[in-house]
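*Asks:* My request is simple: use the sequences and hints to build the entire structure.
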Amino acid sequence: MGEKLLELKDLSIDYKIKDGYLSAVNKVNFTIDRGEVFAIVGESGCGKSTLAHSILRLLPGGNEIVTGEIHFKDEDLTLVDQERMEHVRGKEIGMIFQNPLDSLNPVFRVGDQIEEALLLDDMSEEDAYKRVIELFKDVKMPDAEERAKSFPHELSGGMRQRVMIAMMLSRNPELLIADEPTTALDVTIEAQILEILKQMKKEFNAAIMLITHNFGLVAEIADKIGVMYAGEMVEQGDVFEIFENPQHPYTKLLMKALPSGTKNDGRLQTIDGSVPRITEKKPECRFANRCPLADEKCRTENPPMEWISDTHYCKCFHLGEEEK
Amino acid sequence: MAEQETMIKLDGLKKYFVVKSGLIKTKKQYVRAVDEISLEIKTGEVVGLVGESGSGKTTLARVVLGLTKMTGGDVYIDGVDLAHASRQDMKKLRREIAVVFQDPLSNLNPRQTVESSIMRPMLIHGVPKAEAKQKAKEVLDMVKMDQRYLNSFPHQLSGGQLQRIAIARALALNPKIMILDEPTSALDVSVQAQILNLLIELQEDLHLTYLVITHDLNVIKYISDKIAVMYLGRLVEFGTTEDIAKNPLHPYTRSLMASAPVLDPRLRREDKELLKGDPGSLMKIGAGCRFADRCPYATEECKNSEPEVTYVNEHHQVNCYHPLGEVK
Numbered sequence: 000m001g002e003k004l005l006e007l008k009d010l011s012i013d014y015k016i017k018d019g020y021l022s023a024v025n026k027v028n029f030t031i032d033r034g035e036v037f038a039i040v041g042e043s044g045c046g047k048s049t050l051a052h053s054i055l056r057l058l059p060g061g062n063e064i065v066t067g068e069i070h071f072k073d074e075d076l077t078l079v080d081q082e083r084m085e086h087v088r089g090k091e092i093g094m095i096f097q098n099p100l101d102s103l104n105p106v107f108r109v110g111d112q113i114e115e116a117l118l119l120d121d122m123s124e125e126d127a128y129k130r131v132i133e134l135f136k137d138v139k140m141p142d143a144e145e146r147a148k149s150f151p152h153e154l155s156g157g158m159r160q161r162v163m164i165a166m167m168l169s170r171n172p173e174l175l176i177a178d179e180p181t182t183a184l185d186v187t188i189e190a191q192i193l194e195i196l197k198q199m200k201k202e203f204n205a206a207i208m209l210i211t212h213n214f215g216l217v218a219e220i221a222d223k224i225g226v227m228y229a230g231e232m233v234e235q236g237d238v239f240e241i242f243e244n245p246q247h248p249y250t251k252l253l254m255k256a257l258p259s260g261t262k263n264d265g266r267l268q269t270i271d272g273s274v275p276r277i278t279e280k281k282p283e284c285r286f287a288n289r290c291p292l293a294d295e296k297c298r299t300e301n302p303p304m305e306w307i308s309d310t311h312y313c314k315c316f317h318l319g320e321e322e323k
Numbered sequence: 000m001a002e003q004e005t006m007i008k009l010d011g012l013k014k015y016f017v018v019k020s021g022l023i024k025t026k027k028q029y030v031r032a033v034d035e036i037s038l039e040i041k042t043g044e045v046v047g048l049v050g051e052s053g054s055g056k057t058t059l060a061r062v063v064l065g066l067t068k069m070t071g072g073d074v075y076i077d078g079v080d081l082a083h084a085s086r087q088d089m090k091k092l093r094r095e096i097a098v099v100f101q102d103p104l105s106n107l108n109p110r111q112t113v114e115s116s117i118m119r120p121m122l123i124h125g126v127p128k129a130e131a132k133q134k135a136k137e138v139l140d141m142v143k144m145d146q147r148y149l150n151s152f153p154h155q156l157s158g159g160q161l162q163r164i165a166i167a168r169a170l171a172l173n174p175k176i177m178i179l180d181e182p183t184s185a186l187d188v189s190v191q192a193q194i195l196n197l198l199i200e201l202q203e204d205l206h207l208t209y210l211v212i213t214h215d216l217n218v219i220k221y222i223s224d225k226i227a228v229m230y231l232g233r234l235v236e237f238g239t240t241e242d243i244a245k246n247p248l249h250p251y252t253r254s255l256m257a258s259a260p261v262l263d264p265r266l267r268r269e270d271k272e273l274l275k276g277d278p279g280s281l282m283k284i285g286a287g288c289r290f291a292d293r294c295p296y297a298t299e300e301c302k303n304s305e306p307e308v309t310y311v312n313e314h315h316q317v318n319c320y321h322p323l324g325e326v327k
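From first to last, the protein sequence lines are chains S and E. When we follow numbering that gives the first Met the number 0, the leftmost residue of the first sequence carries the number 0, and every step to the right adds one. When we follow numbering that gives the first Met the number 0, the leftmost residue of the second sequence carries the number 0, and every step to the right adds one.
Keep in mind that the hints were calculated from the coordinates and are not lab data. The beta-carbon is built from N, C-alpha and C at its ideal position, and this holds for glycine as well. Some clues are possibly wrong.
[To be verified] Partial list, computed: chain E residues near chain S (C-beta under 7 Å):
(1) Asn196
(2) Leu197
(3) His214
(4) Tyr221
[Claimed, not checked] Capping the alpha-carbon separation at 25 Å, the derived lysine-lysine pairs in PhoX-like fashion look like this:
(5) S/Lys200 to E/Lys143
(6) E/Lys24 to E/Lys283
(7) S/Lys139 to E/Lys275
(8) S/Lys255 to E/Lys27
(9) S/Lys280 to S/Lys8
(10) E/Lys27 to E/Lys13
(11) E/Lys68 to E/Lys128
(12) E/Lys24 to S/Lys148
(13) S/Lys129 to S/Lys15
(14) S/Lys148 to E/Lys132
(15) S/Lys15 to S/Lys26
(16) S/Lys255 to E/Lys245
(17) E/Lys8 to S/Lys201
(18) E/Lys68 to E/Lys132
(19) S/Lys200 to S/Lys72
(20) S/Lys72 to S/Lys139
(21) S/Lys72 to S/Lys8
(22) E/Lys245 to E/Lys41
(23) E/Lys68 to E/Lys283
(24) S/Lys280 to S/Lys296
(25) S/Lys90 to S/Lys72
(26) S/Lys15 to S/Lys281
(27) S/Lys15 to S/Lys90
(28) E/Lys275 to S/Lys136
(29) E/Lys8 to E/Lys68
(30) S/Lys139 to E/Lys13
(31) S/Lys197 to E/Lys143
(32) S/Lys136 to S/Lys3
*Replies:* Here it is as structure tokens:
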């Protein structure tokens with residue numbers, strides 16, 4: 000792969016709450032190269048969205064404490080000033096969210112909203128309009144010219160997500176953060192949006208950080224996968240390593256919980272218990288209370304990162320052990 | 000699949016909504032949300048209903064539940080003709096059909112305890128209070144929840160627990176049919192697995208008939224015996240899960256199955272046979288097959304007249320002029 004674009008070093012995010020701190024993200028490390036798709040998977044509440052928002056400094060502000068380093072190209076985004084950050088947002092790192100209707104202004108035509116982003120780059124209005132139509136064609140919007148004049152409520156969910164992608168593409172960001180981009184869409188539309196993302200990666204050599212709970216999506220598009228559980232990245236590796244040789248008990252159980260056959264092929268694996276609320280940082284494995292392999296050591300010590308190959312690591316004391 | 004007794008029979012079912020436009024010269028338009036649907040669900044069968052949003056899945060379920068009146072056609076549920084049912088019959092039916100929705104938090108009363116939420120349908124149907132209380136405990140047991148949750152309020156429970164409560168409440172009146180509208184869409188993967196396993200166990204133990212609505216194709220393949228595929232108000236294909244998944248005959252079913260994500264990165268396909276465009280609108284439906292604009296095999300015939308239902312065999316029906324052959 001290519002040049003390193005984004006690198007997170009020991010990133011932790013804590014929220015201040017009434018009775019102390021809530022650890023939302025704990026010491027997460029990963030890198031994304033240019034032209035690479037890195038997928039972060041995990042269940043709700045595992046901190047994947049918090050992590051993504053923190054890169055663009057989009058957290059609500061006020062009660063969170065971010066520690067660690069976020070290296071983007073050659074600077075640390077945790078240290079740059081507000082003005083520089085505004086330049087990074089959109090221009091260098093683009094972001095699309097789950098629900099496009101939340102991100103579009105309901106009283107402006109969608110074409111004008113994309114033009115607004117383009118005009119930030121000293122473009123004439125005429126050129127900007129032409130560019131909007133081009134972008135709409137890039138994202139395969141049907142009747143591009145007609146649609147540029149539509150209001151958000153006149154478009155279907157798939158079209159709205161296309162508008163968001165067009166808006167994001169308009170400024171050629173080097174990194175795209177997609178937070179559950181297809182969760183609200185039908186499968187047929189989801190497949191179309193995936194195609195657009197794949198094409199972006201190929202044509203513009205864009206790096207994509209994909210946040211999702213959908214393993215199907217990950218299998219279709221990701222190069223690397225990070226599995227998050229209760230704020231920690233418990234396992235990371237390339238897509239084949241994770242799908243074919245998952246090491247962490249959580250990853251293994253999660254894979255078996257996915258319906259892939261019919262009910263006659265056997266019941267689905269379930270994971271008992273629920274995600275703990277981490278309010279104090281103790282040395283322990285956060286999955287220990289639900290893990291079939293957990294022993295005393297797991298409850299008193301932090302499992303280190305064990306490297307299985309150059310690209311694949313897993314935080315677990317019981318590597319290679321099978322469930323009884 | 001056990002005995003072959005029919006539980007739900009739809010015969011040419013239609014549900015049109017009227018849309019009026021214009022103030023002075025009012026124009027009436029019809030939205031044909033469910034159009035000419037015929038299918039039979041046998042006792043103890045799990046039928047999955049799939050389709051894109053706006054294809055009429057939920058409208059169909061609402062008609063079966065008796066929540067909306069049909070425009071035409073016939074619906075027979077457990078031998079009762081829904082269009083001409085007496086009040087007595089309707090009351091009986093309402094005990095026999097239960098429903099579980101997507102978001103359990105929005106259909107449990109936030110100010111009622113779990114116990115009173117579960118007891119309410121029983122009290123409405125005239126079950127004595129003591130008996131209802133006892134039954135509430137039993138159904139909570141059936142969904143594998145501890146009895147201490149009886150006094151909890153919905154906001155104290157997790158999504159998976161709430162969905163269990165919703166299922167428990169649905170079971171309270173000993174229904175024969177359960178309609179599950181996106182039962183696991185709001186849940187995480189590990190919780191989804193628990194709920195799906197629970198639903199299958201209940202279905203097998205109590206010999207229930209399920210109509211499951213979802214857009215998650217992997218879920219539907221897992222849980223159903225038969226799959227019905229809808230497209231813009233029409234039933235395009237209906238057959239056993241195996242036939243629909245491995246040998247789909249309608250071009251739409253095939254594209255739909257192809258767009259389902261495959262859980263194996265080695266099977267990633269570069270050139271997928273993707274459906275182009277959006278499903279379109281129910282307001283603008285031409286004379287021809289509703290799928291004709293997006294169908295790669297469409298001919299003049301498809302654009303001019305709507306195809307009729309053809310039965311490939313007893314268990315497999317398709318609504319297409321050019322059904323596909325065996326898929327290689």
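*Asks:* Does each hint fit the structure? Answer for all of them.
*Replies:* Results for each hint:
The beta carbon of E/Asn196 is positioned within 7 Å of a beta carbon in chain S (closest approach about 5 Å), and the interface hint is therefore held. Interface hint at E/Leu197: violated, since its Cβ lies 9 Å from the closest Cβ of chain S, which is beyond the 7 Å cut-off. With a cut of 7 Å, the hint placing E/His214 at the interface with chain S holds, because the nearest CB-to-CB distance is about 6 Å. At its closest, the beta carbon of E/Tyr221 sits 4 Å from a beta carbon of chain S; the interface hint therefore holds under the 7 Å criterion.
With a C-alpha separation of about 47 Å, the suggested pair S/Lys200 and E/Lys143 falls outside the 25 Å cut-off, and the hint is violated. This hinted pair checks out: E/Lys24 and E/Lys283 have alpha carbons roughly 20 Å apart, not beyond 25 Å. Straight-line distance between C-alpha atoms of S/Lys139 and E/Lys275 comes to about 9 Å, which keeps the hinted pair within the 25 Å bound. The suggested pairing of S/Lys255 with E/Lys27 is violated, with an alpha-carbon distance near 52 Å, which exceeds 25 Å.
With a C-alpha separation of about 18 Å, the suggested pairing of S/Lys280 with S/Lys8 holds against the 25 Å cut-off. Of the pairs offered as hints, the one joining E/Lys27 and E/Lys13 holds, with about 17 Å between alpha carbons and a cut-off of 25 Å not exceeded. Taking the CA atoms of E/Lys68 and E/Lys128, the gap is about 32 Å. The hint is violated against a cut of 25 Å. Between the alpha carbons of E/Lys24 and S/Lys148 the distance comes to roughly 28 Å, so the proposed pair goes past 25 Å and is violated.
This hinted pair does not check out: S/Lys129 and S/Lys15 have alpha carbons roughly 48 Å apart, beyond 25 Å. Straight-line distance between C-alpha atoms of S/Lys148 and E/Lys132 comes to about 59 Å, which puts the hinted pair past the 25 Å bound. Between S/Lys15 and S/Lys26 the CA atoms are separated by roughly 17 Å; this keeps the pair inside 25 Å, and the hint holds. Proximity of S/Lys255 to E/Lys245 is assessed by CA-CA distance (about 22 Å); at most 25 Å being required, the pair is judged to hold.
At roughly 51 Å between alpha-carbon atoms, E/Lys8 and S/Lys201 are farther apart than 25 Å, so this suggested pair is violated. Between E/Lys68 and E/Lys132, the direct Cα distance comes to roughly 34 Å. Violation of the 25 Å bound is thereby established for this hinted pair. Proposed proximity of S/Lys200 and S/Lys72 is supported: the alpha carbons are some 18 Å apart, at most 25 Å. With a C-alpha separation of about 31 Å, the suggested pairing of S/Lys72 with S/Lys139 is violated against the 25 Å cut-off.
A threshold of 25 Å between alpha carbons decides the hint, and for S/Lys72 with S/Lys8 the separation of about 14 Å falls inside it, so the pair holds. A threshold of 25 Å between alpha carbons decides the hint, and for E/Lys245 with E/Lys41 the separation of about 22 Å falls inside it, so the pair holds. Restraint check for E/Lys68 and E/Lys283: the C-alpha separation of about 23 Å stays at or below 25 Å, so the hint holds. Between the alpha carbons of S/Lys280 and S/Lys296 the distance comes to roughly 16 Å, so the proposed pair stays at or under 25 Å and holds.
The straight-line distance between the Cα atoms of S/Lys90 and S/Lys72 is roughly 14 Å, inside the 25 Å bound, and the hint therefore holds. For the given pair, S/Lys15 sits about 17 Å from S/Lys281 by alpha-carbon distance, which is consistent with the 25 Å threshold. A C-alpha spacing of about 32 Å is found between S/Lys15 and S/Lys90, which places the hinted pair above 25 Å, so the restraint is violated. For a cut-off of 25 Å, the pair hint linking E/Lys275 to S/Lys136 stands: about 14 Å separates their Cα positions.
Distance hint between E/Lys8 and E/Lys68 is fulfilled; the C-alpha atoms sit about 16 Å from each other, no more than 25 Å. For the given pair, S/Lys139 sits about 35 Å from E/Lys13 by alpha-carbon distance, which is inconsistent with the 25 Å threshold. Using a Cα cut-off of 25 Å, the hinted pair S/Lys197 and E/Lys143 is violated, with the two alpha carbons roughly 43 Å apart. For the hint pairing S/Lys136 with S/Lys3, the CA-to-CA distance comes to about 31 Å; that exceeds 25 Å, so the pair is violated.
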